[in-house]
Amino acid sequence: MEILREMMSYPFLVRALIGGVLVALCASLLGVSLVLKRYSMIGDGLSHVSFGALSIAVAFGWSPLKISIPVVVLAAFFLLRITENAKIKSDAAIAMISAAALAIGIIVTSLTTGMTTDVSSYMFGSILAMSRDDVRLSVILSVVVLGLFVFCYNKIFAVTFDESFAKATGVNVSRYNVLISILTAITIVLGMRMMGAMLISSLIIFPALTSMRIFKSFRGVVLSSGILSMVCFLIGLVLSYQYSTPAGASVVIVNLSAFLLFSLIGMILKMRKGDRIK
Amino acid sequence: MNSLIECSHVDFGYENQDAVVGVTMTVNPGDYICIVGENGSGKSTLMKGLLGLLKPTSGTISISEELKKNGIGYLPQQTAAQKDFPATVFEVVLSGCLSRRGSRPFYSAKEKKLAKESMERLGITEISSHCYRDLSGGQQQRALIARALCATDKLLILDEPIAGLDPAAIAEFYQMIRGLNEKEGVAILMVSHDIGNVVKQADKILHLKREVLFYGSTKEYINSDAGRIYLGGA
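Residue numbers (this note's numbering), protein chains in the order written: chain Z, 197 to 474; chain F, 599 to 832.
Keep in mind that the hints were calculated from the coordinates and are not lab data.
Ideal Cβ placement from N, Cα and C applies to all residues, glycine included.
Keep in mind that the hints are not guaranteed to be accurate.
[Said to hold, decoys possible] Chain Z side only, calculated, beta carbon under 10 Å to chain F, not exhaustive:
# : residue
1 : Y349
2 : D358
3 : S413
So that you can see chain Z by itself, here it is in the shape it has in the complex:
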């Protein structure tokens, strides 16, 4: 508590805390749907594209958010398209696109500004990255994502569980897929500068996977992912402050610990259930 109060006295930490918790919440909710639909790698691909777009924006002195959000949204559309059409295997396509985007980002940077601290902070994240505008945008984003999950919860379940059935009952499946990928794109752009391009996809994947170790219902997994993600982010940030470790990496390590803990509990629960049946 004492540490938390101390942290709150720095405005940049307050921004990181609010913005980060909200981004973590959005990422984890969207992540449940993405992980279950086997789209986990899209998050990784998008973060690399976002890195490419950011370095170009920095090189030309443009506003980073205004450039990277449209670019990453476009990339999200594109990645989803390949996944649906499947002419190239989607995992290969995503790997190709992320490497290409990373390469473009590195070339542009080395030709113009050189490898400044800016770029390195995009790669591995920086606690200073959350600006006032970012926090505002993350509030809007989380309102939209929460609204979607509250009011369209049943449709999201149907689309995630079984696209063909949802289509046959008249749900506009591609509209939901597009909506989810746009929101994912914005989430990634927002969280990337704090968490780092290499680490942001963990916010999408970890909470869902962790919750699936224990919870057996979709509702349980969604609720647990959201809460878990926020808690892990908070703990990660406190640890990063206390031990002066990079924020993004600390959050990932906390998420990993939660995953291991949940796996262990899941295993114990299973064994006890097995005993009862015997």
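Fit chain F to the given chain Z structure using the hints.
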């Protein structure tokens, strides 16, 4: 008696290429129809058309009012992602009520009751809080059929339903479908490769190879040219 689905001279295709041509068929209440044919013969295309996911390039399909309103009871092929999906049986079954719900965000008590009745009919009430991924193949199948029955109990469309089931589960499955068809009058439309069982189960056969090779009762099919060739020694 009003037919549930009526196709006359329907063609289906993708981008100027017709995958299925000249299908004329009727699905009446209480029918048990099986669509057979080799891979790439247009079975899935026809099925997508009947479900309304694909617009016919020519010809007309008329679908009865009730099916239009509540959607068709559909059992798609299972995807790999579903096998380890964290959802309870009840959640899965309830999602069959989706089209009844319209634009309301939540399910009403009436729809929850419908889902419970549907589980009762398929004998899966006891496992309603179990996780879908922990079920056997046969139980998963039952949950998906219960879901389809939430949409409508007039017509069930099944796409390769026995893929991935073991022999005991297959026998049980056919028995269950027979029961739904005979006792409760659910019309069945099934796409299947399992020709040996199909001729024992279905009342009508539609043999497809881009166009309709045969459409009629199972008895006639066994003695027809198309049937003899396809059945081979079976």
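Right, here's what the structure says about each hint:
1. Y349: 7 Å, holds
2. D358: 6 Å, holds
3. S413: Where the cut-off is 10 Å and the nearest Cβ of chain F is about 5 Å from Z/S413, the hint holds.
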